[in-house]
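Colleague: Read off the chains here:
Number of protein chains: 2
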Amino acid sequence: MKLLAPSNRLRRTWWSDAVEAAGVSAYTVYNKTLLPVVFDSISEDCRHLKTAVQIWDVACERQIRIEGPDADALMQRLTPRDLERVKPGKCAYVPICDVNGGMLNDPVALQPRPGVWWISLADSDLALWVEGVAMGGGYDVSVSEPDVQILGLQGPLATELAAEVFGEETREIPFFGFLWLPFGDGEVLVARSGYSKQGGFEIYVPDAGLAMPLWDRLWAAGEQHDIRAGCPNAIERIEGGMLSYGNDMNRADTPFEAGLGRYVQRYDCIGGAALRAHTQVRQIVAIELSEAPPVCDREWALMDGDVQAGRVRSAAWSDEFQCGVAVGMVGMDWGPGDRLTCVTQDSEITAEIRERFWR
Amino acid sequence: MKLLAPSNRLRRTWWSDAVEAAGVSAYTVYNKTLLPVVFDSISEDCRHLKTAVQIWDVACERQIRIEGPDADALMQRLTPRDLERVKPGKCAYVPICDVNGGMLNDPVALQPRPGVWWISLADSDLALWVEGVAMGGGYDVSVSEPDVQILGLQGPLATELAAEVFGEETREIPFFGFLWLPFGDGEVLVARSGYSKQGGFEIYVPDAGLAMPLWDRLWAAGEQHDIRAGCPNAIERIEGGMLSYGNDMNRADTPFEAGLGRYVQRYDCIGGAALRAHTQVRQIVAIELSEAPPVCDREWALMDGDVQAGRVRSAAWSDEFQCGVAVGMVGMDWGPGDRLTCVTQDSEITAEIRERFWR
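Residue numbers (full-length UniProt numbering), protein chains in the order written: chain A, 1 to 359; chain B, 1 to 359.
So here's chain A without its partners, still in its complex pose (with noise of 0.2 Å):
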């Protein structure tokens, strides 16, 4: 690995010298945001996610507000998601296409009072167009980027120390739920939500001056948890096959060929009628590899014999199944048991589809 130099382009978080504190061995750049990506090492940072919880910097979710008269009305232009159908103090999944089709982001959204939406945002500038279709679609709206920053709360004891901390409410927080709940002389908006599959919460920050007491009161009730500062975990998520935007899906792809077709509930919006016409030719799988893969920072062709079948996209070794795990993206002709060559830049490894993820 190289190094990254930093600059005052790449924007620190609330809690970058707590994870520099904590001993964070390797960033990436996410929304132009530090994102931490290892600790100690990715195969114990994923046992230790899976065993206890960790508090994760996720500053890099930037947010998009959205408020003014035709707000819902711009919101639902943006996303085949339906809207109406997203009850009141629930996040909702909201792909957000181009004309094509093509996913621009998959953000999660939020209304955080009635008659405003936060989208919280996978890594794409997606501000420059939710305000190119508001202004040329002469929406009555104000679109700004607020300076709400995400902690997330994640692994099997996230709900125990939730609770300790904010109150025994929290555990009555369905999956994808939230609540505004008072801390310190303020308030946060707990979701139960997150990028991993070990369950857990994350934590909309809406002030700066909460922002370290917050994180100083988890690490002290967490202690006896045996807290430690994390961030999204490669394998683990990979396991759980949870997508990431920019590795296993882009402007290229359509929510069908992502896998999120049950997200394209209506076709009244910006890219409807090409996901209306849409017939899908590749599809997202689990791809189980026969060893340790190389780190995966390129596409890496699929092999049928001498077909191109698909591309992996994100790749690791796990420890608990005892095989490399990968996201792939494969033509329609192949499905499940499908035995392929993977070409690595360094080598060739057998690769098998799979009926679904390890999670």
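Keep in mind that the hints were calculated from the coordinates and are not lab data.
Remember, predicted model here, so these are calculated numbers, not experimental data.
Everything hinted at is true.
With a straight-line cut-off of 30 Å between C-alpha atoms, the simulated DSS-like cross-links for lysine-lysine are:
{"hint": "1", "chain 1": "B", "residue 1": "2", "chain 2": "A", "residue 2": "197"}
{"hint": "2", "chain 1": "A", "residue 1": "32", "chain 2": "B", "residue 2": "197"}
{"hint": "3", "chain 1": "A", "residue 1": "32", "chain 2": "A", "residue 2": "90"}
{"hint": "4", "chain 1": "A", "residue 1": "2", "chain 2": "B", "residue 2": "197"}
{"hint": "5", "chain 1": "A", "residue 1": "2", "chain 2": "B", "residue 2": "2"}
{"hint": "6", "chain 1": "B", "residue 1": "197", "chain 2": "B", "residue 2": "32"}
{"hint": "7", "chain 1": "B", "residue 1": "197", "chain 2": "B", "residue 2": "90"}
{"hint": "8", "chain 1": "A", "residue 1": "2", "chain 2": "A", "residue 2": "32"}
{"hint": "9", "chain 1": "B", "residue 1": "32", "chain 2": "A", "residue 2": "197"}
{"hint": "10", "chain 1": "B", "residue 1": "2", "chain 2": "A", "residue 2": "50"}
{"hint": "11", "chain 1": "A", "residue 1": "197", "chain 2": "A", "residue 2": "90"}
{"hint": "12", "chain 1": "B", "residue 1": "50", "chain 2": "A", "residue 2": "2"}
{"hint": "13", "chain 1": "A", "residue 1": "32", "chain 2": "A", "residue 2": "50"}
{"hint": "14", "chain 1": "A", "residue 1": "90", "chain 2": "A", "residue 2": "50"}
{"hint": "15", "chain 1": "A", "residue 1": "32", "chain 2": "B", "residue 2": "32"}
{"hint": "16", "chain 1": "A", "residue 1": "197", "chain 2": "A", "residue 2": "87"}
{"hint": "17", "chain 1": "A", "residue 1": "2", "chain 2": "B", "residue 2": "32"}
{"hint": "18", "chain 1": "B", "residue 1": "2", "chain 2": "A", "residue 2": "32"}
Dock chain B against the given chain A, drawing on the hints supplied.
Modeller: Positioned in the frame of chain A, the structure of chain B alone reads:
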């Protein structure tokens, strides 16, 4: 410095393998693409840049292509620069603003052939904005991101080397002029431009098959000129007053505040009304620091006693000028000769506003 964790989401370029073989030690991430930042050290890289010639992988300057009947009209809608004054065969620096006149990007645009525009991006997903505006305004255009990657050739010996590789006519290319020139079995666009004050070229390579042959040819011909792999250099670019979008200015700043008022030539563009009504409240200035600053990984306050006069956004130590060199943004009440205190993460440094940059 921490490590940069590689992933498929962070694009490698056609030259990343060559850059690594040449000994890159640190990257940044720019438009989700790897951009080399340090080879030996920034001071040694700087010294060499000023004396010889360097080959730069600046493929992170991603391209947007706009073509179609309304391409010219859309381009003019996007920028306050008067594009009618831009002659064929010339590049144009075109600030792009939002409705408030805030800078969304400061790309270089050119017409590789009549009726087609390429926009060579600074660090933001401007294609999302351009497409949103085009869709909303009903412009008859197609907008795409072609895989055209740029190889830079910078340094006092760049002209000599370019003449040897591309022919004597490259000597006649004026500043910000360009020519299509044959290379291998194709053509490359050679522009006299680039992100240093040492002179040189940016070579737009429209075909992956030409990429490494071009690198190898330049490298071989450059040996007698002490060619090295290099990159935009933080010291040299600050000495020369070359601004960095995301570091020195961003959406919160107008072109006037960023010192780019001379490019505001028309007001019939997005943001035009705001720019016409604009009252400038701050200004970009050169700042001399009395000692070597720490790494500028965040904004530093510039204090005039107890009053904040502004902030420093980029800084480095200059061996040539034997002082700290910095880019600041200060209120209109301050000017050349004013002595301020720069508050970094480590210490307080004496700072003086200069009349102009060093080069």
